[in-house]
Structures are given as structure tokens and as C-alpha cells.
Amino acid sequence: MPRLPLRRRLLAGALVPLLGLVGGMGSAQAEIGVPDTVPAATLLLPYFAVDLGNPNGAQARFSVINTAAAPRLAKVTLWSNLGVPTFSFDLYLEGRDTVQVDLRQVFAGMLPQTGPGRVTLGSQSDPSVAFAGCTAGANQALGVSLPVPVRLSDAQIAHLAAAHTGRQSASLSNQCAGVNLGDRVARGYATVDVVNECTVSNPTIAGYFAAGGTGVAGNANVLAGTFTLSERPGELIISSAALVHIEANDSDPRTSGSGDYTFYSSYNAADGSDNREGLGGVWQAPLPGSPLLSAGTDLLVWRDAGGRAPVPFASTSCTAPSSLFPLQQTALRFFDEAEQTFLFNAPPPAPNPPPPPVFPFPYATQMVEASSLSPFAAGWAVLNLNAGGGTGAPGGVTPMGPIRQSLVMVRSAQGTNASPLRLAVQAANVAQQKDNGPNSCSGGNTSSCMAFSPGNF
Amino acid sequence: MNAKRFRATPALRRMLASAALAILPFGLQASSVSALCTTCPVRVPDGGAAAASPQLATVAVNLPAASCAGSAPAGGVEVQVDLLHNHVGDLRLRLIAPDTTAYTLIDRLPDGSLSCGSEDIVGSFVGGVAGATAPSCQVRIPAVAGLVQPASSLDGVAAAAVPGGTWSLEIGDHADAGEGLLRSWRLSVYCVRYGLIFSGDFED
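Protein sequence lines, in the order shown, are assigned to chains A and B. With this note's numbering, the residue at position 307 of the first sequence is 303, and numbering never jumps. With this note's numbering, the residue at position 49 of the second sequence is 748, and numbering never jumps.
Heads up, none of these hints are tricks.
Between beta-carbon pairs, the in silico distance windows are:
# : chain 1 : residue 1 : chain 2 : residue 2 : range
1 : B       : PRO763    : A       : ASN50     : 34 to 40 Å
2 : B       : THR865    : A       : THR315    : 50 to 56 Å
3 : A       : SER119    : B       : PRO744    : 22 to 28 Å
Negatives, chain B to chain A, calculated, CB over 10 Å:
# : residue
4 : THR757
5 : ALA796
6 : ARG885
Keep in mind the hints are simulated off the structure, nothing from the lab. Idealized CB from N, CA, C, for every residue including glycine.
Okay, chain A solo, but in the shape it has when bound (with noise of 0.2 Å):
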């Protein structure tokens, strides 16, 4: 019988963005500091809310693809809307290998089975390989390694739930892992890093990262992967796009030093020991809104501290997150489709006081509506997610300075179940700021550079 349809939406459609990737494979041009599609040692799925209540509500799924001839692991870690890591486990991916997580599953306790022998190889595919660690089967509250269990504890299904709904986990000492937006479904983000054996470590632990790849993670450049948002309020509603894709080079001077802005520098001291490139601090988004669609435009934002490790937090309501959060902004500035320009809380004119500052991205993952933002039902808008200057309060003093590493997608509806996600375009990449200063734009280009510079908005 034919293969099916919902899947051939749900992953098949997703693979859609990674076919220049498969198609050129071997020939794609890596770049450090650009967000390019091409193989690499982290994969970033930057968002995803599964509702725990309803399961025709928001769910997620990714794939995770290795490249490679070789065998190859890879750690899957759960992070929670404010950045905290609350669960890990690994996956094994034969050569050319891919395998789905469906995010629904994990959170009923099911994690993907995989190992040596699980699939036929294929011609292109090397031998198994048995890695170190990975018949142990270690389980640990916050962290599993292969073999994995059958199923969950009751007390991981349990810290998973509370942990990514903004509840207090047994799990983290009753306190809160991410913040509470008042309903049960489970936010955050999630990140696939190659490793070279199976732990239940996780990217914040010591040891997880050495120069060069010696650590618990690698550095060889070979996963891809896509992810599909989904609802089902009726017909079935997808969006789809690739993971995104972090490269590690151990011999870039943006990715190998102390001191550089690198992916996860954030959760190891900023020692450069993860060689992973950093994202964007500014971006470019198109906001092609149109009456003519149901639904608006939305902005995925994924954003990082700026070299400051988010750690669980005492609150009984999981309400008030420490002082890393609200993350704030330099600028939020809008164009309508004729050039006219309106600038996210902006100062009246003089001598009527500035208004309070409005942060709306405030957490380490969100989904918000465009239209919550601006008063254009089409245009474009520059995003500077850096800290201070412009509407936003003060940066403080982090390893970054201002300096705030982000990642912007788009998603707007087309027709009646497709609502794809693009990535914006990045206008500054963190290094190149943290190397050249906080205005500094990618390639000189001055019309980018006057967006983000905060003496013109």
C-alpha cells in the first residue's frame, strides 16, 4: 500500500528545506558566523510547545539525520522556556541514518529506540560501531543514555510536564525550570549535539565540552534535520522548516578562544570549549502579511543570555524567573510595504516622559504574533535583540556586554494547512560584533548597519 499522507505532510513536506542541503551534499559551503543549511556537529530546533491537555493541539516533532558514512551519536537535550536545561538522551544513527523524535511521545515517557543492528544498513553506510557507555542504559532523573528505558518514570513524565509548563519539579528540588504562561502546554526548545559516547550529561555539565572535540561532544560537522510545528483544531495545520544548523571549527578564531561569543558559551564560561559558531544578534524579518490569509504572521525568537547560565529558580507560582529575565531589547523597528516606519515603543516627544520599557521577548523561546508589535499589516521589520541602548534598559555587565546571540523565524500562513517558517535574515552575527563592536554589520553593508545602529532609531 502507498505511504501515507499525514506523514508524507509532516516529514516528508519537512524535508522540503533540507534539499539543497541532500542535493549538494559534499559540495555545500560551510561558513562560520552565517546561518547556512549545511551538515554540522549541533542542530537548534528553536521552539516547540506540545500540549500536554489536548493532543490535536500544538505538537512537535524533528528529524536528525546523519550525513555521514560513519556511525554516529548524538544528544538530545531539552531545554526549557527560560533556558534551563531538564532532560537528555541519545540517539544512535547508523550511516546516512535519519530518526524522527516526536516530541508528543517524549513527553508521554517514549523515547525514540535506537542502537547497532535496530535498521538494515544500507550500501552507503559504514558497519555498526558499538560506542562507549552505551550499554549501560544509565537513567538518571534529568537524563537517560542508551539503551533507553521502555518507557519513562512516572517521576521523569512527571518533571518533564512540570518543568516545561512552568511547575515546580520534584525532580529540580520543587523548584521552576521555566516560566508558568498559565496553561499545560510544554514550551521550549531543544538542541542534538554529535557526542562521542553515551552519558547522561548534558551541554552545562563540565567535561560535556574540550577544545578541539574530546569531550563528551564532538566536533564533526555531519547531522542536518528538520522540525514540523503542529495543530489540529480541525484539518490538520503544519509548519515546517530545517533545524537549525550550528557548525563547530576548532581552528576559526571567532570559535576556538576564550572569550568568543560561541553557540553555548553561555553554559561554559565563555571558554570558547564548544567551537560551536554563534547565531545572529540582529535580524531582518519580511512580514508578509496579506488580508487575504486567515491567519497573521508570527515570530519565532530564540535568544540566549549573553553568557549567563539560566538555573532552575524558587517560586511557588513559577512566575518570577531571576534576574536574567525579562531578556530586553536595543530596537524593535517596523516598515510598512511604502517605506512608512514605526518604532516598537518609542519615545514621545520631548518634555513628555520616555514609557515604561516593553520587552516582548522576554524568555529564551517564544512565539509571538507580529501584529502584537505593529500597527502594518505587511512589511518587513528590523530586529535588534541585543541588550541596551534604543527602548531597551540597560544591558548590565555580562561576558557579552550588550551583546545577545538570537535566532528569528517567520511563519505566515499560506492556504489552509501550510504555514511554513523562515529563517530571517541575519543582519549582524554575535562575533563579528563581539570582535568589532556592537554596531557592527555584516560585510559593511551601511543599510543594514543604519537598522541596527541605535542613533537612528
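Please arrange chain B on chain A, whose structure you already have, making use of the hints.
What follows is chain B alone, placed relative to chain A:
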């Protein structure tokens, strides 16, 4: 006037059936037997690329023998299944009797000319009960739910005194890219044909 079909839940039907036992004419005996999976949850491995050689998960329960004396043949059979799976169309579920007779519950549920790509089976396959419907692939989760008409008749189970012993639920995954988790299953045989008692129409 719109008529709304009343469909009792399995739990409600069991409760009502129990109540019905109390009003059976004096001298008639009736009973029911039930067995719940005690080894669940159980993984359902991915079928791989070769549909001809599916991966099987066989999960047994031990059903006590029972006689529906006075009310034979037995009135109803219910196979409750709670199965997490992200591609129902991959699956063939069979109930295996102690004498190895196999009753197919669902067989690679189609969706038009394709196989059903929806998720999860959380429902009751019933025999001898009015109101059960043939399964269809629902976009919503679970893809198969409620009272479900099995692919092959369960009359063979319900037609005679209930054989005790090891009954098994066999789950075959016939395609790749999707594994599952059988969270629980239960086999129940009722001596009262409760479905006929409680089938009726209600007005809005």
C-alpha cells in the same frame, strides 16, 4: 427533530450490565471475565523497510475460564487497546486465543489509497455490541477511538463458554519510520448482551 445516538462508554456499559444482572430472572446465572495486561507498557518496534517480514510485539494476558451458564452464548467481547504510535496504517492487531485461533482487530488501516498516517489507537474493539463502527482514519488524535468494529468477527470468542488461558494481543508493524508503545490492553468477555440492552435513540 434531530435524533442523537446514545453511545455508552465501555465503563458505563459494564456498570449498567452489572446492574442488569441483578434483575435477571431468578435461577439464571451470568458472569464476566476480564484480564488486564500486567507486563505493559511494551514497545512496538519499527517494522523496517520489509513489509513482508513485520516486527511483532506479542503481549499476553491470562484470562480465567468462565462459564456463562444460563446465558450462553456469551454476550459480548471487548478488547481495550491504548497504543501510542505515530503511524496507525503500519499496524495489524490480532487477538490470539489459547488454541491459536487469530482474530484480526485492525489491518493496516487505509486512508483512501494510502495507509493511515495518523496517530494512536485508544479504543475498544467489540463484538456482539450495537453501535460499534468500522474504523476510519481520523486526522485527529487518536486516529482510532471509541467503539470499534473489528476487522474479523469476534463471534468465535463469544459463541461459547469462555476458554481460559493465555490470550495474546499481537501487534505487527509492517512499515518503517514509526515505533510505538502499548500502554495497556484488556480483554473482557461479558455474559450479558449489554449492547442490545442499552442501544437507543435520545432526542436533543
